[in-house]
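> Spelled out from the first residue to the last, the chains are:
6 protein chains.
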Amino acid sequence: MKKIALCPGTYDPMTEGHRDIICRCSKIFDRVIVLVSNNPKKMPLYSLKKRIYFIDKSLKEIKNVEIMSYDGLLIDIAKEKKANVIIKGLRAITDFEYEFQMAQMNKKLAPNIETFFMVSNPRYAYLSSSAVKEVASLNGCIKDLVPKEIEKYIINSFKNNSFD
Amino acid sequence: MKKIALCPGTYDPMTEGHRDIICRCSKIFDRVIVLVSNNPKKMPLYSLKKRIYFIDKSLKEIKNVEIMSYDGLLIDIAKEKKANVIIKGLRAITDFEYEFQMAQMNKKLAPNIETFFMVSNPRYAYLSSSAVKEVASLNGCIKDLVPKEIEKYIINSFKNNSFD
Amino acid sequence: MKKIALCPGTYDPMTEGHRDIICRCSKIFDRVIVLVSNNPKKMPLYSLKKRIYFIDKSLKEIKNVEIMSYDGLLIDIAKEKKANVIIKGLRAITDFEYEFQMAQMNKKLAPNIETFFMVSNPRYAYLSSSAVKEVASLNGCIKDLVPKEIEKYIINSFKNNSFD
Amino acid sequence: MKKIALCPGTYDPMTEGHRDIICRCSKIFDRVIVLVSNNPKKMPLYSLKKRIYFIDKSLKEIKNVEIMSYDGLLIDIAKEKKANVIIKGLRAITDFEYEFQMAQMNKKLAPNIETFFMVSNPRYAYLSSSAVKEVASLNGCIKDLVPKEIEKYIINSFKNNSFD
Amino acid sequence: MKKIALCPGTYDPMTEGHRDIICRCSKIFDRVIVLVSNNPKKMPLYSLKKRIYFIDKSLKEIKNVEIMSYDGLLIDIAKEKKANVIIKGLRAITDFEYEFQMAQMNKKLAPNIETFFMVSNPRYAYLSSSAVKEVASLNGCIKDLVPKEIEKYIINSFKNNSFD
Amino acid sequence: MKKIALCPGTYDPMTEGHRDIICRCSKIFDRVIVLVSNNPKKMPLYSLKKRIYFIDKSLKEIKNVEIMSYDGLLIDIAKEKKANVIIKGLRAITDFEYEFQMAQMNKKLAPNIETFFMVSNPRYAYLSSSAVKEVASLNGCIKDLVPKEIEKYIINSFKNNSFD
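If you're matching them up, the sequences are chains A, B, C, D, E and F in order. If you read the first sequence in the numbering used here, its first letter stands for residue 1, the second for the next number, and so on. If you read the second sequence in the numbering used here, its first letter stands for residue 1, the second for the next number, and so on. If you read the third sequence in the numbering used here, its first letter stands for residue 1, the second for the next number, and so on. If you read the fourth sequence in the numbering used here, its first letter stands for residue 1, the second for the next number, and so on. If you read the fifth sequence in the numbering used here, its first letter stands for residue 1, the second for the next number, and so on. If you read the sixth sequence in the numbering used here, its first letter stands for residue 1, the second for the next number, and so on.
The following block holds chain A by itself, in its conformation from the complex (with noise of 0.2 angstroms):
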């Protein structure tokens, strides 16, 4: 039977880091899809089309990758679409103790689907979104932070103060 694996996160934006991740992923894999958060909570700084239009144009070579915006309960969308594993990508403790907690979480809400964690690859375990826009928005320079793909987009998106 096919293996599903969820990718979820907010991507705002997308980073090397997380290219790594998913590209592993999908080897391992049948189906990867890509979770893009749309709860306003997290007050993402680019709007949900541009978080996946970013992802999207990082992962064009990858066959079995699907992307997809989702804004109730994980583990909600994980059994509509039959997933067996949540993949989350741990850089450091406190990531890891959080996302503990939540997997400890999902597996009493939904015993059937397993939360798998990667390790970042080491040249990429200082990155985050958070810190690619913190670079990005002080003229920092983030070659090899983010996708070549998306670099410009996201230099132009400080430049006109424009993230939709």
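Simulated from the structure, these hints should not be mistaken for laboratory data. Keep in mind that the hints are not guaranteed to be accurate.
Any copy, or any two copies together, can satisfy a pair, since identical chains are not distinguished.
[As the list claims (entries may be wrong)] With a straight-line cut-off of 30 angstroms between C-alpha atoms, the simulated BS3-like cross-links for lysine-lysine are:
no.	residue 1	residue 2
1	K143	K27
2	K108	K42
3	K159	K41
4	K49	K82
5	K82	K159
6	K3	K152
7	K41	K27
8	K82	K57
9	K159	K79
10	K2	K159
11	K63	K108
12	K159	K81
13	K108	K60
14	K57	K79
15	K63	K27
Assemble the complex: chain A is given as a structure, and chains B, C, D, E and F must be docked to it using the hints.
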């Protein structure tokens, strides 16, 4: 293509926490290989033969699981067995730090093999092989700490001081 | 001399984890005072009145527990109530760091009052008030997450969008 | 009913950090029992007799403290002594993880006995029995690291290489 | 060649912990520049002018220290000032994780500038600018928490609700 | 006045991570002393002579670095050499906790000597002397794990089982 996962460990002895991880794993991957370390530096209490026997008794109802010992580099076995994934169960932060470094080292040595971390069931969060041995050696109750199929063997091994 | 323990918190809302800690506490100390923070900076979802109501319904069978709100410095209330001990439940490392610093600060401000940390029951390790609100707001099942006496009130509060 | 607290440890040797925790404890509980582990696996430097002697000299002004050795399962002693609480001093996160798991294990084995964690006085946060031994063995100054009542005994024990 | 160290922060307000780090630093490096962040996203309570005033009063006896505000990328100022080192004081693990990632990001953006971490004096381990504000806002005693030169200014600022 | 930094360690054997820290250090301080611990309690695999030889070969292009062994208290050597700073490289949180306590202890014993922590290059975050020995002993590839100048010596030492 079939996906193969390795569950490496010393299993000295098998606990309910180990069984939980292996069972959950066996539902996601086509084949699961429980790899029992034969590294004498770990100075296990139980003989390799006994440790394998305990695993075997505890998992006999799971079809797609095999048990195997190893004494070389984990990623060499992984390549030989054409495994895609190494599975590690995490109970705590300090586990995580060590396993995190091992995962990055293994990624460097074998870029095509992934390490996935799974979170222990909270019920087993306090459980470790050393805790089982500590409790059993002081005549404490080990019910629910080890698979019931091996509980009385472990109690007897301490009574008779025989671990071979 | 009677020993008095404080259990301070926002309780927004009470969870099964809170109840577990308070009950265990009530067996050790002569009086337990559940202190509900009225600090508006915490921006609770539920009104103070409602939060106290939930605690009251959840604990009504415990004789030596009182409920009280406060809005000043915790150690000032502690002195006023002649409390000997502040009790904090810990679920995780990140909790611990913050609470560790608060305990040291409180020790400096009031050397005679001790902070004791208790470990959550593993069954509730993933539980927090925010997790309860997250799940309830997305229509997830909150059975076993909050005391059964208040479960339906919480479900209704989200249905009616009324938290006063 | 009288409340009894246990302060278990190896006390190899007693430090100012240990004394601080025990003294603070003695103000909250009716009786405090300092439990000195006689587990040979810990391979203490000082003999059990000497370790007890050091504790005794350091605590002689505290009325409600007793000293006792033990070599079985901690919770068995706790039940025998009708203790309500096990006290553990925490200096750091790595302490915490291990003690956290022990507390959960003990809770499972003896549901009526609580573990309370206390935070070391920041002045002693860097202090441990091993640090004391390390410093003393290299002729460093141990003033303020151990109770002044035992300072010269410890210095002499290293001079004479006699720990019995 | 002269070595220059930067001590960046929000200093909202200066604490005894900050002063301790800066003083110790001034003995190792030829010049120390205290860099006060003017980033409005941090939403400081005190105006930039007031924060600089507090630092100035607290450090006036140290010859080789200068104070300066900045609002761009830290490493851009570092390059402009020909600084060799960024100094960060650490109190706790969670500090460390964030600062660890920032240090790696800064290393990538400016390979010639090092980040050095210093451990707070244990006496100040519980101290932070937010703790000072919390205590002062609730009329608690802030003696020993902030440099004595600014203690009464801070108390007054809360009395008069004036932070400019 | 010249500033002197110590880089203490067991260096059993030197890794690329060690070299990275020492090189970066040598650009900030006037003199760097690599201090090789001769403490037999650490039970190093390689003889002191061999460990010094490896460091020497790996650092020969750096002018202001000296190598020295020591077997007393670190801060005694530090005083004797008139060192201003002890440098420690950090890879992970568990490192940090231990080093944090050592730094505070050393600060108490020698208030004029500072400990500075540096963050490993992410590329070496998974690297430790034990990992190198583990991999080499199992015939794994150690390229990029140790300085290339000593790579073949280490491989041979395991082939010939000769570490003196």
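> With 30 angstroms as the alpha-carbon cut-off, assign the pair K108 and K60 to within, between, both or neither.
between (35 angstroms within a copy, 26 angstroms between copies)
> Using 30 angstroms as the alpha carbon limit, work out where K82 and K57 are close: within a copy, between copies, both or neither.
within (26 angstroms within a copy, 32 angstroms between copies)
> Checking an output row: K82 and K159, CA cutoff 30 angstroms. Within, between, both or neither?
For K82 and K159, the Cα distance is within 30 angstroms only across copies (28 angstroms; inside one copy 42 angstroms).
> Indicate which option fits the pair K108, K42 if close means a Cα-Cα distance not exceeding 30 angstroms: within, between, both or neither.
Cα proximity of K108 and K42: in one copy and across copies (24 angstroms, 28 angstroms).
> Between the shortest in-copy and the shortest cross-copy C-alpha distance, which are at most 30 angstroms for K41 and K27: within, between, both, or neither?
neither (33 angstroms within a copy, 35 angstroms between copies)
> 30 angstroms Cα cut-off: does K3 pair with K152 within a copy, between copies, both or neither?
Result: close neither inside a copy nor across copies, 35 angstroms intra and 37 angstroms inter.
> Is it within a copy, between copies, both, or neither that the alpha carbon of K143 lies no farther than 30 angstroms from that of K27?
For K143 and K27, both the intra-copy (26 angstroms) and inter-copy (27 angstroms) Cα distances are at most 30 angstroms.
> Using 30 angstroms as the alpha carbon limit, work out where K49 and K82 are close: within a copy, between copies, both or neither.
within (25 angstroms within a copy, 40 angstroms between copies)
> Have a look at K159 and K41 and pick one of within, between, both or neither, based on CA distance no larger than 30 angstroms.
So K159 and K41 pass the 30 angstroms test inside a copy (26 angstroms) and across (19 angstroms) alike.
> Using 30 angstroms as the alpha-carbon threshold, which applies to K159 and K79: within, between, both, or neither?
The answer is between: 23 angstroms across copies meets 30 angstroms, while 41 angstroms in one copy does not.
> If the cutoff is 30 angstroms on CA atoms, where do K2 and K159 land: within, between, both or neither? Let me know, please.
neither (44 angstroms within a copy, 38 angstroms between copies)
> Which holds for K63 with K108 at a C-alpha limit of 30 angstroms: within a copy, between copies, both or neither?
between (33 angstroms within a copy, 25 angstroms between copies)
Taken one by one, the earlier hints fail for this structure at numbers 6, 7, 10, listed in ascending order.
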